[in-house]
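Listed here are the chains, written in short residue letters.
Number of protein chains: 2
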Amino acid sequence: MHQGSKNPESVGLGIDLGGTKIAGALFDSEGMVSPKKVLYLENKTGHEVGEQIFMLIESFLDWASKNSMQINTLGVAVPGIHYLKTGRVWAPNIPGWDDFPLLEELNDKLENMDISIDSDRACYILGETWKGSAIGCKHVIFLAVGTGIGAGILIDGQILRGADDIAGAIGWWALTDPFIPAYKKHGCFEYHASGPGITRTAKDIKAHDSEFSKDADQLAAEQMMPNDIFKALKEGNPLAKKVIDQSIRFWGKASANLVSLFNPEKIIFGGGVFGPAVQFLDEIYLEAKKWAQPVSIDKVKFEPSKLGSDAGLYGAGFLSLKSNKI
Amino acid sequence: MHQGSKNPESVGLGIDLGGTKIAGALFDSEGMVSPKKVLYLENKTGHEVGEQIFMLIESFLDWASKNSMQINTLGVAVPGIHYLKTGRVWAPNIPGWDDFPLLEELNDKLENMDISIDSDRACYILGETWKGSAIGCKHVIFLAVGTGIGAGILIDGQILRGADDIAGAIGWWALTDPFIPAYKKHGCFEYHASGPGITRTAKDIKAHDSEFSKDADQLAAEQMMPNDIFKALKEGNPLAKKVIDQSIRFWGKASANLVSLFNPEKIIFGGGVFGPAVQFLDEIYLEAKKWAQPVSIDKVKFEPSKLGSDAGLYGAGFLSLKSNKI
Chain A
26 MHQGSKNPES
36 VGLGIDLGGT
46 KIAGALFDSE
56 GMVSPKKVLY
66 LENKTGHEVG
76 EQIFMLIESF
86 LDWASKNSMQ
96 INTLGVAVPG
106 IHYLKTGRVW
116 APNIPGWDDF
126 PLLEELNDKL
136 ENMDISIDSD
146 RACYILGETW
156 KGSAIGCKHV
166 IFLAVGTGIG
176 AGILIDGQIL
186 RGADDIAGAI
196 GWWALTDPFI
206 PAYKKHGCFE
216 YHASGPGITR
226 TAKDIKAHDS
236 EFSKDADQLA
246 AEQMMPNDIF
256 KALKEGNPLA
266 KKVIDQSIRF
276 WGKASANLVS
286 LFNPEKIIFG
296 GGVFGPAVQF
306 LDEIYLEAKK
316 WAQPVSIDKV
326 KFEPSKLGSD
336 AGLYGAGFLS
346 LKSNKI
Chain B
26 MHQGSKNPES
36 VGLGIDLGGT
46 KIAGALFDSE
56 GMVSPKKVLY
66 LENKTGHEVG
76 EQIFMLIESF
86 LDWASKNSMQ
96 INTLGVAVPG
106 IHYLKTGRVW
116 APNIPGWDDF
126 PLLEELNDKL
136 ENMDISIDSD
146 RACYILGETW
156 KGSAIGCKHV
166 IFLAVGTGIG
176 AGILIDGQIL
186 RGADDIAGAI
196 GWWALTDPFI
206 PAYKKHGCFE
216 YHASGPGITR
226 TAKDIKAHDS
236 EFSKDADQLA
246 AEQMMPNDIF
256 KALKEGNPLA
266 KKVIDQSIRF
276 WGKASANLVS
286 LFNPEKIIFG
296 GGVFGPAVQF
306 LDEIYLEAKK
316 WAQPVSIDKV
326 KFEPSKLGSD
336 AGLYGAGFLS
346 LKSNKI
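Chains A and B are the protein sequences, given in the same order.
According to my numbering, the stretch in the first sequence is residues 26 to 351, in order.
According to my numbering, the stretch in the second sequence is residues 26 to 351, in order.
No wet-lab data here; the hints were simulated from the structure.
All C-beta atoms in this analysis are idealised placements derived from N, C-alpha and C, irrespective of residue type, glycine included.
Be aware that one or more of the hints could be misleading.
To be verified - Pairs of lysine-lysine, DSSO-like flavour, derived with a Cα cap of 30 Å:
#: 1; chain 1: A; residue 1: K267; chain 2: A; residue 2: K256
#: 2; chain 1: A; residue 1: K110; chain 2: B; residue 2: K314
#: 3; chain 1: A; residue 1: K315; chain 2: B; residue 2: K210
#: 4; chain 1: B; residue 1: K210; chain 2: A; residue 2: K347
#: 5; chain 1: B; residue 1: K347; chain 2: A; residue 2: K163
#: 6; chain 1: B; residue 1: K266; chain 2: A; residue 2: K324
#: 7; chain 1: A; residue 1: K210; chain 2: B; residue 2: K210
#: 8; chain 1: A; residue 1: K209; chain 2: B; residue 2: K326
#: 9; chain 1: A; residue 1: K110; chain 2: B; residue 2: K267
#: 10; chain 1: A; residue 1: K209; chain 2: B; residue 2: K347
To be verified - So, partial list: chain A residues that the calculated Cβ filter (under 8 Å) puts toward chain B:
#: 11; residue: A199
#: 12; residue: N288
#: 13; residue: P289
#: 14; residue: K315
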């Protein structure tokens, strides 16, 4: 060990790529050691998105050198599937990223940088385990409910990946009857209980439930975003109550199924909807308790994400430090 | 290595404890090397069952010495939960085994025997991976449907155990609406689609579906065991068709959920019901394909158990060899 020398401090760079923006920050084993920076994608596609990522990385390389830090390792969270064997990425919300060679592009531009990539859902649970609600847990699940629904799952300290790195796609879970063709696009659970699913539920009820369809006091069609519904619920709106009750049933049943199957220590609720829907965690637990394996449900805890929208970024930071070979 | 000497061949003893009988056999790395022996429990309880296990072990020690084999290692499959840290067992179908100190009892009687215990569902998938339908698989699930429903799950070659060794209890999976109080005892999936669940479904339909309740040609109440229903289906009985169609929907949805979540290479169908219900595997796959994550369902294979009722015994044999420290 060289102590007291002018050697720059070695840090990892975490990058969280979303469908609309890229966030980045520097990390050491204590946590975030730089300001967080965000670049918006502004409808960029394919290799342009790769360029944006590289632009963000360069700004951090610059920032680090000015602050006596050195970045040799990079962790990237991607919104979709990362194929571990090839380093290629499928990100359904980024046009041109149905088979994007992310690792290759990064390696081409960043010599001597040790790079790790993982899916956003894997990064959420890594982030929460490292610095959030799941510290010390080895069997824990991050249930991400936003535009889509997915689960990041830690089993005995290891990320569940599946045979082809597609594990955790529980937006496709079958939780009710009967099958309707619209499930083919979203999956049953996601159709009903994602952010857009809440809006769909409200519109479905308004259109087909005679109790609500004729009532002029009910929510207008343009007031059916999840936050509108949450607000209307607080004001006592009965349609909002019916919508949220149904969402709670779906979240409760899915949580119950995770508990019966995995016997986890905790389920962490995150994503854009949790967020505001964490106010319903007690009701979700009560719904889950009706259905779940009775011993496992008594042992599990349901908790909100502590890192919120930074969970993926912290996970990417953790990835970058794990890959640290210095 | 001493070759050509008279040293006895070292083998492992596998014991598969069920709710009504105990099966045992000797194993080496090639497979079973002795006849299989079975002892019936005949309503024995608590420590008497421990005595029966010991009696079976003694008969194998005797058989081994007569056949120039030596048993130093033992693997036991138990019908319930094995708590790894304590060696205690919860087996709901054996009276007096709600917290049975199996490892302690065996250790007391068997000096110098290296003992491994695991749950039946863990042993099923270990057995199939070793000598059955899942050879070479690292991500594979054994869906056991019999008196109860459970899953033995292998993830990257490791058994899924959960925080308290209770993982895999998917008989409790919530797969339909609404919740009914009877689910509290069995779990929703098990209520509808276990062996007794098939009988329950037939009785429910006969009692409440006007199409069937008044038809004198329909199945009598005493003809509603699963095998009766399978037989009636072959004879074109419409009630049997309705019952099995509903069972296929539940099996299909549960399989779909396993596929979306785990992205496994295979699901192996076993237990007393699969068995005869393997004739429906193609229909179960078609039902699963409606609901599941589309990439994962195209990659997975649904296969019958190759070891059948010996899956747990082979798993116990595999356990015994894994623990082999010779």
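Okay, the hints, checked on the actual structure:
| no. | hint | verdict |
| --- | --- | --- |
| 1 | K267/A to K256/A | 14 Å, holds |
| 2 | K110/A to K314/B | 26 Å, holds |
| 3 | K315/A to K210/B | 11 Å, holds |
| 4 | K210/B to K347/A | 45 Å, violated |
| 5 | K347/B to K163/A | 25 Å, holds |
| 6 | K266/B to K324/A | 41 Å, violated |
| 7 | K210/A to K210/B | 35 Å, violated |
| 8 | K209/A to K326/B | 20 Å, holds |
| 9 | K110/A to K267/B | 46 Å, violated |
| 10 | K209/A to K347/B | 44 Å, violated |
| 11 | A199 | 4 Å, holds |
| 12 | N288 | 3 Å, holds |
| 13 | P289 | 6 Å, holds |
| 14 | K315 | 5 Å, holds |
Against the hints set out earlier in the document, violations occur for numbers 4, 6, 7, 9 and 10.
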